[in-house]
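Trainee: Below are the chains, spelled out letter by letter.
4 protein chains.
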Amino acid sequence: MRLIIDTDTGIDDAQALLMAFNCPDVEVVAITTCHGNVDVEQINLNVLRVLKTVDRFDVPVFGGCKASLVGDRKTSAHYHGLDGLGDAPDAHAPPADLIHGEHAVHALVRMANENPGEYTLVCLAPLTNIALAMRLDPGFSKNLKGCYIMGGNYEGKGNITSCAEFNFHTDPEAADVVLREMTCEVTVVGWELCLKAAFSWDWYEKFISQESPSANFMRRIEGSTIDNYYSNDAKLKEGVTKYTTADQLAMAVCLCSSLVENKFECLASVSLSDGITRGQMIPDARGRAMMHAKPEQRCVVVTNIKQAL
Amino acid sequence: MRLIIDTDTGIDDAQALLMAFNCPDVEVVAITTCHGNVDVEQINLNVLRVLKTVDRFDVPVFGGCKASLVGDRKTSAHYHGLDGLGDAPDAHAPPADLIHGEHAVHALVRMANENPGEYTLVCLAPLTNIALAMRLDPGFSKNLKGCYIMGGNYEGKGNITSCAEFNFHTDPEAADVVLREMTCEVTVVGWELCLKAAFSWDWYEKFISQESPSANFMRRIEGSTIDNYYSNDAKLKEGVTKYTTADQLAMAVCLCSSLVENKFECLASVSLSDGITRGQMIPDARGRAMMHAKPEQRCVVVTNIKQAL
Amino acid sequence: MRLIIDTDTGIDDAQALLMAFNCPDVEVVAITTCHGNVDVEQINLNVLRVLKTVDRFDVPVFGGCKASLVGDRKTSAHYHGLDGLGDAPDAHAPPADLIHGEHAVHALVRMANENPGEYTLVCLAPLTNIALAMRLDPGFSKNLKGCYIMGGNYEGKGNITSCAEFNFHTDPEAADVVLREMTCEVTVVGWELCLKAAFSWDWYEKFISQESPSANFMRRIEGSTIDNYYSNDAKLKEGVTKYTTADQLAMAVCLCSSLVENKFECLASVSLSDGITRGQMIPDARGRAMMHAKPEQRCVVVTNIKQAL
Amino acid sequence: MRLIIDTDTGIDDAQALLMAFNCPDVEVVAITTCHGNVDVEQINLNVLRVLKTVDRFDVPVFGGCKASLVGDRKTSAHYHGLDGLGDAPDAHAPPADLIHGEHAVHALVRMANENPGEYTLVCLAPLTNIALAMRLDPGFSKNLKGCYIMGGNYEGKGNITSCAEFNFHTDPEAADVVLREMTCEVTVVGWELCLKAAFSWDWYEKFISQESPSANFMRRIEGSTIDNYYSNDAKLKEGVTKYTTADQLAMAVCLCSSLVENKFECLASVSLSDGITRGQMIPDARGRAMMHAKPEQRCVVVTNIKQAL
Ligand SMILES: [Ca+2]
Ligand SMILES: [Ca+2]
Ligand SMILES: [Ca+2]
Ligand SMILES: [Ca+2]
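Order-wise, the sequence lines are chains A, B, C and D. Under my numbering, the first residue of the first sequence is numbered 10, with each subsequent residue one higher. Under my numbering, the first residue of the second sequence is numbered 10, with each subsequent residue one higher. Under my numbering, the first residue of the third sequence is numbered 10, with each subsequent residue one higher. Under my numbering, the first residue of the fourth sequence is numbered 10, with each subsequent residue one higher.
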């Protein structure tokens, strides 16, 4: 399996990247970056720190879009720390000039054209780069083997607003373009699945206490987030009884499709109105349009994974 | 239990009304009508036919609003038949002049003021009358004992559009006013619960085959709908493997609160945008506003009922 | 000419009311109040102060709606003072119990039914009461002789937002119902006309310096607004080179139709979206729908008045 | 003056291109194409026919975007004919392979980077290419000398809907990005100016009767449009008493800035809601934000040109 990973490397992206690098039979062909958790310049640096952790500077990193399709970029820097990686800086972090000169959108279009049907795209960020690649090259998505998306929802449950998940809310127009127009197989890991598939804190303690470069890195960057958000606030801790993953879950579904226990097909789009539902994913699984939809118009939405994870 | 029932009598309203009339210890104080399934004039006639079935012309019927708050009334006449009751006319139907002269909105305000804390309101139609009563008398809802609403949804699943349930979609602005401003206890029976609590066709066959004036009436008015929508279309029948109730379910929850197995509290509002989500109910159960909400600002949403029904 | 005036008495409403009372051959039949510049309770008191000024307590005042059709009432208390009349209180102001017990909406419906074709309605406030009267009695507007509205715009120029005028923005849904459904002749005095028909400050000085109970009252209530907004801020004064009237202008057009120099007919509606245009009036003067519209569906929009005013 | 022209060559674009080619001291550096009046493939062919008319195949043509930022492309093929140029085909039309291989968006970014501050961009089409160039290269607009846009409106008057002009309505999101984010001087020629600056039919008769390759070409492609829309329909002709230009007017303002008689500065954006105002330009000339806006955030909107044209 040959992956191109589009990311706005926060903490969960970092872990998802490490999962991919540590998985046998998986080749990470390239990493593209997109605005999201923090500025794209910081995200570029964050990706390089992940590469350093696994000593894989051979994988090219392409810097991508700095703003959503229609602007008004929001960041969630408060959650993943000001630098998106828990504000646990590395004095010997790799420098920005390791980022390739080619723009992420161009690189995506070029790679897909060079090896049609070869690459699986894993999207862990707002979908700005992907939508632009589709606009610049209408044949882009046809050249992909498949696409896994962390983002959206299928029961209207949001995390950044009542109705919307962060990645989709940050660029609803891009998400809408990708869901409606992509012609390769698209698999969506939405926010409700993240909630359902959350881990116990006991499990997390064991997981994060392993000894390996990757686990050490995660422990380092995730420490203050866990402290800030859960440990110190009794009431919040009570409410957040689980360790919820997002990008990791999408990566797991990509790397190991047998994890999927339930899923459904639908025509998906995104609410683009200015009102409260802006950014909500709309999965039409039953309407007349869906009945007559061609396979390449449909998305697969995962609704349950095996507990064995 | 003393009920005021607001209805746009279609077939499911008719059955819900019959349930109330046949329930011991329940007094139906008044019936108010609202545009919805068909024109309010036809709905008035339909209510009278239900009263005739149970011989209860002593219950006053007040005619209500002919259009939603902002106009653009949609009807679903295609589903419940052109007359809303399966196009199975009664040659001896009661005449329209049995409807009271007082407008439904005035009657609602007057009755609630005459006996504060006494009446439970059961809403089986678009919420136009109720929202107007609240606008004309800001103290209206405080005077109610409680309010049960058939309408809306809590996972974004619609029946009239991808995102919206019929009653809420027909008057989203009214539904929004009611959910956000009502201060008595509000219990919502939304579309997802209707889907979950659907009956098998076997059960339905037994149910509809009883011998009683009410069952005879239902068999008569529901016959062609069942035929038109399910029996004659193999593919559709395959999809619709259950007999789904709506107004009946809300009435059941009102009449027998012990049926409720699961529910949650939330701040609820309705998407009023012009886009695809128009009419969708937005249940905010986790946000900061909810955490600080007063009890009278919250709604109860039922998510499961006991299978014993 | 027999007028019913619906008002949210701020300063410009007060002046418009005085114009009507001082105009020969005009009978003010009733005044209805609506939320808007300030709370409806304060507005009721403000109207009574105007009645006191002209000693006309014989004119009945009916209190109306406290919130817009869909809620979220905004007030402009900052502009007309905290009490809507320049914070220049009258120690001997008439008490609230002079307001009639009947609700404004009921009174509107009743009066129009009692004397069909007799009354001209002048709307100087958000249109909540009027829209509700139309919903409760679909024949309401047919019973009016005509209707003059201060509100909206025809070139998208707003005063409370970029796109919307205050009265329409405060209750866009009500404005939409009134413009689309009213069947008597409707004349709109929008914000662009107010800007065009503004007076020089020199004119205003002469006008406000007259000696009469009405002028004395106006001088008293408008003093601080003029000071606060124009006199003390050189930059703002530079920009606001004119004395702009709003409700006065609508009243003038009603009282003296020969003032109108230019106007056009259109199908009018109001933008109800959540975005930047919310509350903007949309005058369709050229589309296919307009070509085929019946006279009673059209509105008249005034675009120029004679300078002689 | 060195121009890059972005066009969806319909008839008015064709004439605007001819104006540029026939103007001394003007160099047309490149032409980029965008979906709009018809498919971009057809537009490419149409541009080549214009180049043939003036024998200027030396000017490179770059094919651009096939759909608006968020999809849902509308075409106005009915107005400019099925082929966008009046359905008056040329048996010896130049073939598509004269179009360059580089994508318009790449070409725009590349050229602006190669000669910063050198090129003036004239936009006669939906703004998809331009918005994408700005997303891919945030410094793109800073590298331009200036930008002239045919599109939008400043009094809410539309031609394709009540509120929206065709170019902006076809890609509202792109227009919003360009107006809000472009940092070079932007001059907007909106629909109200087109209406104001329309020519008499007498003038048009003289104009179109000239003898030159360009006039011959225009006569040929515009003939059937004039016939279809005006000559044959007495009622319509009555309404359309003028020959209205659009792209030609924007080109004229660009080529000859002394034509401008009135203009104003504003912060401009575009209504992106799903409602009736979608695509309307919102010129904020008076709000607080405008008062504090930096020069590079502002747009210039032309409101009058000299009659001498
Ligand atoms: Ca991410
Ligand atoms: Ca019903
Ligand atoms: Ca007023
Ligand atoms: Ca054009």
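Possibly wrong hints are sitting among the right ones.
Where chains are identical, the list cannot tell them apart; a pair therefore holds if satisfied intra-copy or between any two copies.
[Claimed, not checked] Calculated lysine to any residue pairs in the SDA-like style (CA-CA distance at most 25 Å, straight line):
1. LYS205 <-> PRO98
2. LYS215 <-> ASN124
3. LYS205 <-> ALA294
4. LYS154 <-> ASN122
5. LYS75 <-> ALA302
6. LYS315 <-> THR192
7. LYS251 <-> ALA294
8. LYS205 <-> ARG295
9. LYS151 <-> ASP64
10. LYS303 <-> ILE169
11. LYS215 <-> SER233
12. LYS151 <-> ALA105
13. LYS272 <-> PRO103
14. LYS205 <-> MET10
15. LYS315 <-> ALA102
The hints are simulated quantities; they were obtained by calculation from the structure and are not laboratory data.
Trainee: It remains to establish, for every hint, whether it holds in the given structure.
Mentor: Results for each hint:
1. When the C-alpha separation of LYS205 and PRO98 is checked against a cutoff of 25 Å, the pair qualifies neither within a copy, at 32 Å, nor between copies, at 50 Å.
2. For the identical chains of this complex, LYS215 and ASN124 are neighbours neither inside a copy (41 Å) nor across copies (58 Å), given an alpha-carbon limit of 25 Å.
3. Taking the shortest alpha-carbon separations for LYS205 and ALA294, both the intra-copy value of 21 Å and the inter-copy value of 16 Å come in at or below 25 Å.
4. In this assembly of identical chains, the alpha carbons of LYS154 and ASN122 lie at most 25 Å apart only when taken from the same copy (12 Å versus 35 Å across copies).
5. Taking the shortest alpha-carbon separations for LYS75 and ALA302, only the inter-copy value of 22 Å comes in at or below 25 Å, while the best intra-copy value is 34 Å.
6. Taking the shortest alpha-carbon separations for LYS315 and THR192, neither the intra-copy value of 28 Å nor the inter-copy value of 43 Å comes in at or below 25 Å.
7. Taking the shortest Cα distances, LYS251 and ALA294 sit within 25 Å of each other only across copies (18 Å), while inside one copy they are farther apart (30 Å).
8. In the homo-oligomer, the alpha carbons of LYS205 and ARG295 lie at most 25 Å apart both inside one protomer (23 Å) and across protomers (16 Å), since each shortest distance falls under that limit.
9. Proximity of LYS151 to ASP64 under the C-alpha cut-off of 25 Å is found in neither arrangement, the shortest distances being 33 Å within a copy and 39 Å between copies.
10. When the C-alpha separation of LYS303 and ILE169 is checked against a cutoff of 25 Å, the pair qualifies only between copies, where the shortest distance is 23 Å, while the shortest distance within a copy is 33 Å.
11. Taking identical chains as interchangeable, the C-alpha atoms of LYS215 and SER233 lie at most 25 Å apart only when both belong to the same chain, with a minimum of 18 Å there against 62 Å between chains.
12. Taking CA atoms no more than 25 Å apart as the test, LYS151 paired with ALA105 passes between copies only; the shortest distance there is 24 Å, against 32 Å inside one copy.
13. In this assembly of identical chains, LYS272 and PRO103 lie within 25 Å of each other by CA distance neither inside one copy nor across copies; the values are 40 Å within and 52 Å between.
14. Neither within a single protomer nor between protomers do LYS205 and MET10 lie at most 25 Å apart by alpha-carbon distance, with minima of 27 Å and 40 Å respectively.
15. Neither within a single protomer nor between protomers do LYS315 and ALA102 lie at most 25 Å apart by alpha-carbon distance, with minima of 37 Å and 58 Å respectively.
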